[in-house]
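Student: Residue strings, one per chain:
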Amino acid sequence: MTHDSPPLRSRAATRKRRRLYAVLSGAVMLAIAAVLVLTAFEDSIVFFYSPTDLAEKQAGRDPVKPDQLLRVGGLVEEDSVKTAADGVTKLFTVTDLKNTLRVSFKGILPDLFREGQGIVSSGSLGPDGIFVATEVLAKHDETYMPPEVADALKRAGEWKGDEEKEKTQ
Amino acid sequence: MIAEIGHFSLILALVVALVQAIVPLVGAHRGDGAWMATAAPTALVQLLLIATSFGCLMYAFVTSDFTVMNVAQNSNTLQPMLYKVSSTWGNHEGSMVLWVLILAVFGAMVAAFGGNLPPSLKARVLSVQAMIGVGFLLFILLTSNPFERVVPPPLDGRDLNPLLQDPGLAFHPPMLYIGYVGFSMAFSFAIAALIEGKVDAAWARWVRPWTLVAWSFLTAGISLGAWWAYYELGWGGWWYWDPVENASFMPWLVGTALLHSSIIVEKRDALKTWTILLAILTFSLSLIGTFLVRSGVLTSVHAFATDPERGVFILLLLVIAIGGSLALYAWRAPILKGGGLFAPISREGALVLNNLLLTTAAATVFIGTLYPLFLEAVGGGKVSVGPPFFNATFVPLMIPLIIALGVGPMLGWKRGDLKGALSRLKFAFIATIVITFIAAYISWGRSVFGVLGLSLAGWLATAVILEFASRIGLGRAGSGDVLRRMAGLPRGAWGMTLAHLGFAITVAGASGASLWQDEVIQLLRPGETLSVVDYDFTLRSVDSVKGPNYTAQRATFTVRQNGEVITTLAPERRRYIVQGTETTEAALYTQWYADIYVVIGQSDGNGAWTVRLYFKPLVPWLWAGSLLMVFGGFVSLSDRRLRIGAPSKRLAAPEAKAPTAQPAE
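Residue numbers (the working numbering), protein chains in the order written: chain C, 28 to 196; chain E, 72 to 736.
Note that these hints are calculated values from the structure, not bench results. On a predicted model such as this, the values are computed, not experimentally measured, just so you know. Check each hint, because a few of them may be wrong.
[Unchecked claim] Heads up, simulated EDC-like pairs for lysine to aspartate or glutamate below, C-alpha to C-alpha not over 20 angstroms straight-line:
no., chain 1, residue 1, chain 2, residue 2
1, C, Lys133, E, Glu447
2, E, Lys408, E, Glu337
3, C, Lys84, C, Glu142
4, E, Lys453, C, Glu142
5, C, Lys109, C, Glu142
6, E, Lys453, C, Asp178
7, E, Lys453, C, Glu69
8, C, Lys84, E, Glu447
9, E, Lys453, C, Asp155
10, C, Lys133, E, Glu75
11, C, Lys133, C, Asp89
12, E, Lys453, C, Asp89
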């Protein structure tokens with residue numbers, strides 16, 4: 028098939044050796060990837076907590092670290108949304124109807140953020156127990172409930188949703 | 072009536088697809104020419120039927136026929152015509168019809184233009200293509216009928232999701248689907264080759280153009296999606312490592328590997344089994360992407376209405392398609408003969424490295440995307456894997472890829488001269504060092520990743536240009552000679568240069584944002600001014616305006632740079648009447664090196680508005696770079712077509728199959 032034709036045996040031997048190289052380099056690559064993935068998993072997996080989960084976690088032996096990134100979710104409590112003195116930081120309370128969590132967020136709240144609606148937020152817990160959000164996600168229409176939130180409400184025994192008609196983000 | 076015609080043609084299409092899946096395959100096995108010959112006409116009839124069905128659905132949307140439930144739920148009489156049309160695929164059911172339509176178009180193209188394929192290969196390819204079609208048609212008919220009627224019909228529809236009412240997103244799904252489904256061709260060819268037990272250069276020459284088409288469209292589709300996220304979601308991010316983004320990115324990564332490994336099969340007759348495996352994996356990842364997005368296991372903008380039944384059905388399809396093809400691979404691949412040898416340092420060696428890195432990168436993305444699902448399934452709690460994971464795994468794998476990409480095209484086939492290649496890249500080393508210093512100076516102390524990204528992009532861009540220059544003999548030959556060489560250069564070489572250059576520019580764009588992005592958020596009253604970098608934004612006024620199906624608050628800003636008025640920007644906050652939802656419409660001003668980006672938020676009730684300004688350096692390069700990659704793909708494609716056309720006599724295609732060959736768009 029190729030133009031130069033070394034004796035048959037050495038050709039077969041070369042082929043074998045080359046194949047070995049290929050397999051070895053593939054294995055090395057996979058090993059590198061495995062190391063990268065495992066180290067990254069250690070630092071960058073983000074856990075989701077409902078306000079109840081978080082309260083339990085904080086009361087337990089292994090509370091979350093100050094700068095640890097986590098996600099929380101629940102319903103925005105009615106009449107809880109306030110604006111701080113700087114005019115752009117919003118303060119509100121997230122609830123799973125059992126426990127609540129105070130959240131502060133500097134930025135423009137998503138278009139569908141409203142009191143009484145389910146949201147998911149990522150950020151970290153401040154020393155004062157206020158969750159400092161770096162991101163707030165709300166759903167895109169009125170029939171939707173983020174699955175994490177629905178699940179958290181279910182576990183808190185407060186979910187009365189009938190058939191889940193889920194739509195979008 | 073129209074809706075019933077659509078539904079009925081879809082059922083007929085399923086029947087035809089069943090025939091197309093079975094008869095040619097049996098014919099090819101028995102060597103029966105007449106049975107094999109049924110493949111082409113059935114493929115064309117299938118296209119005709121699905122196109123009819125899709126046309127009927129679109130007609131229902133365009134005429135706002137609210138007796139059809141799908142239309143009532145996803146369209147509205149007030150919508151502009153563009154969005155009435157794009158509503159056709161802006162929902163789960165319609166998008167699946169688009170999926171099978173594109174599948175049928177690809178099948179029909181093989182049927183119509185595959186005159187020079189060996190008859191048995193053609194029959195098998197079309198049969199495999201039809202099997203995929205059967206699966207998805209069953210899925211639509213059993214779980215997601217787009218033509219379901221509603222009694223009594225509502226007076227008006229519920230409107231398309233406002234976030235999807237955007238020109239960028241109107242074309243994002245078709246592009247993405249042409250990419251996803253386009254890889255079905257490579258898959259069908261791979262399965263046919265496994266059944267046949269033969270892979271040769273001619274096979275690769277057939278697979279290459281289809282892979283290129285799919286890859287180019289997928290690149291365009293992903294970029295459109297990123298672009299949309301950038302200006303529509305209002306937070307200025309363009310890539311979020313969201314599971315659905317990853318769902319489209321994994322086939323892209325493996326598809327890029329396939330694109331390159333099929334070059335080796337074609338030119339050097341080596342790496343055949345690997346290429347077959349890549350073809351299977353690429354399409355499998357497209358299917359997994361469809362599953363992730365359609366089954367509702369993920370929370371995202373793309374999830375549409377979900378239904379557990381659908382998830383199970385797609386999962387079943389997935390198991391049959393992927394499991395079946397991999398089993399066939401394990402059984403048949405060993406009989407494919409190995410081909411040409413090559414030294415580790417060679418063009419082939421470089422392409423193998425490219426393949427290893429791309430597939431490993433795809434594997435890390437795969438793990439990061441599916442790990443949360445896996446952990447939840449085994450009861451390990453709810454986690455999410457976000458950008459930090461991917462920055463720590465994916466990015467380090469791209470670094471050697473970019474470095475090697477600069478050198479690879481300089482190496483010869485079979486046995487390369489690494490020293491020679493490196494010495495020819497002297498200038499690229501110098502340029503890289505200079506760029507690194509400039510980037511480090513500008514962004515001192517801000518982002519190591521950004522500086523690294525820019526220097527890699529600089530390295531790649533100069534290496535690509537040097538390679539091109541040496542190809543056309545710049546500096547060695549006279550100017551007339553250089554021009555002649557440029558004109559004589561194969562389109563494939565042009566395509567490679569353009570696509571690699573586009574990649575370098577994209578990398579620069581992606582790094583720029585992390586380098587010197589700046590943002591300000593503040594309350595602003597009309598007449599007040601807010602500054603970011605060297606831009607001053609003066610809020611002139613906030614007015615209420617009325618669109619066709621929304622009302623909006625529109626802010627008007629006068630933007631000055633160093634005191635000179637450069638533009639007026641008008642971001643909006645829209646409220647869509649039917650769904651009562653709000654969207655932010657960011658306003659952007661693009662300069663060659665940066666975007667400035669303004670979003671208007673809520674009012675504080677006392678005449679002041681939350682305003683957010685961004686300075687986004689190099690982001691426009693992302694779009695320019697992706698566009699260049701897509702363009703490179705198409706340039707390269709124009710070469711392939713000529714090459715395939717030349718040795719055969721397919722112009723004198725004997726079969727008279729013209730009447731149904733026209734795909735209805």
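Student: For each hint given before, does the structure comply? Return the numbers of the non-compliant ones in rising order.
Tutor: 1, 3, 4, 9, 10, 11
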